[in-house]
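Q: Each protein sequence line maps, in turn, to chains A and P. The numbers in the working numbering rise by one with no breaks, and the one at position 10 of the first sequence is 11. The numbers in the working numbering rise by one with no breaks, and the one at position 135 of the second sequence is 181.
Heads up, a few of these hints could be off.
Partial list, derived from the structure: chain A residues whose beta carbon lies under 7 Å from chain P [as the list claims (entries may be wrong)]:
{"no.": "1", "residue": "18"}
{"no.": "2", "residue": "90"}
{"no.": "3", "residue": "98"}
{"no.": "4", "residue": "111"}
{"no.": "5", "residue": "114"}
It should be emphasised that the hints constitute simulated quantities derived from the structure, not laboratory data. This one's a predicted model, so the numbers in the text were calculated from it and none came from an experiment. C-beta atoms are modelled at their ideal positions from N, C-alpha and C, and glycine is treated no differently.
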Amino acid sequence: MSFGGLYNYWIVILLMMTGFYVVIASGNLVKKIIGLNLFQASVFILYISVGKVAGGSAPVLQDGFEPYSNPLPHVLILTAIVVGVATTALGLALVVRIREAYDSVEEDEIHDQDESL
Amino acid sequence: MLIEFVNIAILALLAVTALAAIRLHDLFAVAMMFGIYSLLASVMFVVLDAIDVAFTEAAVGVGISTVLMLGTIGLVGRHEQKPAHRPLLPILVVTITGAALVYGTLDMPLFMDPAAPAQQHVAPYYLNESPEQIGIPNVVTSILASYRGYDTLGELAVIFTAGIGVLGILGLRRRKRPGHEGTSE
């Protein structure tokens with residue numbers, strides 16, 4: 002049981018790393034941003050996992066439902082979800098702008114065009 | 047325990063979806079995979095007692111993010127070029143980073159441990175005092191709108207800034223276009 006209780010974190014780390022892999026291995030800018038979102042959603046799961054208490058219920062106060070899970074990570078992640086969407090929107094707007102300037106969203110082609118200037 | 051089996055099943059589905067997103071080269075399919083991933087994540091949040099996070103993720107992560115991605119794919123094209131070289135370096139970097147993170151978790155308190163430091167610090171204060179001080183049954187709402195109200199205000203500032211940024215990148219330039227045909231940057 003020494004490491005048995007950590008499996009949740011390990012699978013979440015695997016999910017984070019798939020997102021990270023998409024960000025660094027993919028040449029397409031839209032796919033990079035989708036990878037960033039995958040990474041971000043995995044971090045949310047990590048934080049919510051930390052707040053879970055064995056036998057706990059959702060932190061809505063009602064007699065007979067103690068113990069409650071930790072509400073603080075929930076609040077932090079609520080903020081993070083909304084901020085994440087704002088950054089995604091900004092990133093995708095930049096991708097659209099890059100597409101108009103370079104007529105491509107592939108990293109290699111954009112790099113070649115910059116080199117040939 | 048039942049919750050652990052449900053947990054592992056959802057995590058396995060999440061892993062399959064994320065790996066499918068890596069392998070697919072049609073961006074429309076990748077965006078759909080991301081939508082499924084977010085939806086599974088929000089199911090996971092319900093299992094882990096974070097109901098407020100679950101419906102926010104279902105609305106914002108599944109809804110708005112996916113729509114933004116689909117809109118972008120509609121503007122830039124839906125097919126990704128196949129990578130020209132084998133992704134050995136990214137695999138190496140990802141493996142090393144993952145191993146370092148797993149090493150970092152070895153010191154962490156066990157999953158669902160009620161004695162973990164995260165459960166002992168301010169959380170009991172919020173759970174015990176918020177009925178008296180705020181008077182709302184949902185503690186998440188009490189913290190979001192009152193104890194951590196400045197965080198939420200900062201969040202609004204971030205959204206406002208991002209909105210201005212998107213308008214600056216996309217919106218204002220469109221208006222100039224008829225008068226400045228062929229202007230280079």
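Q: All hints are to be evaluated individually against the structure, with a verdict given for each.
A: Right, here's what the structure says about each hint:
1. 18: With Cβ-Cβ at 4 Å, under 7 Å, it holds.
2. 90: holds, 5 Å
3. 98: holds, 5 Å
4. 111: violated, 12 Å
5. 114: violated, 13 Å
This entry does not satisfy hints 4, 5, going by the numbered hints stated previously.
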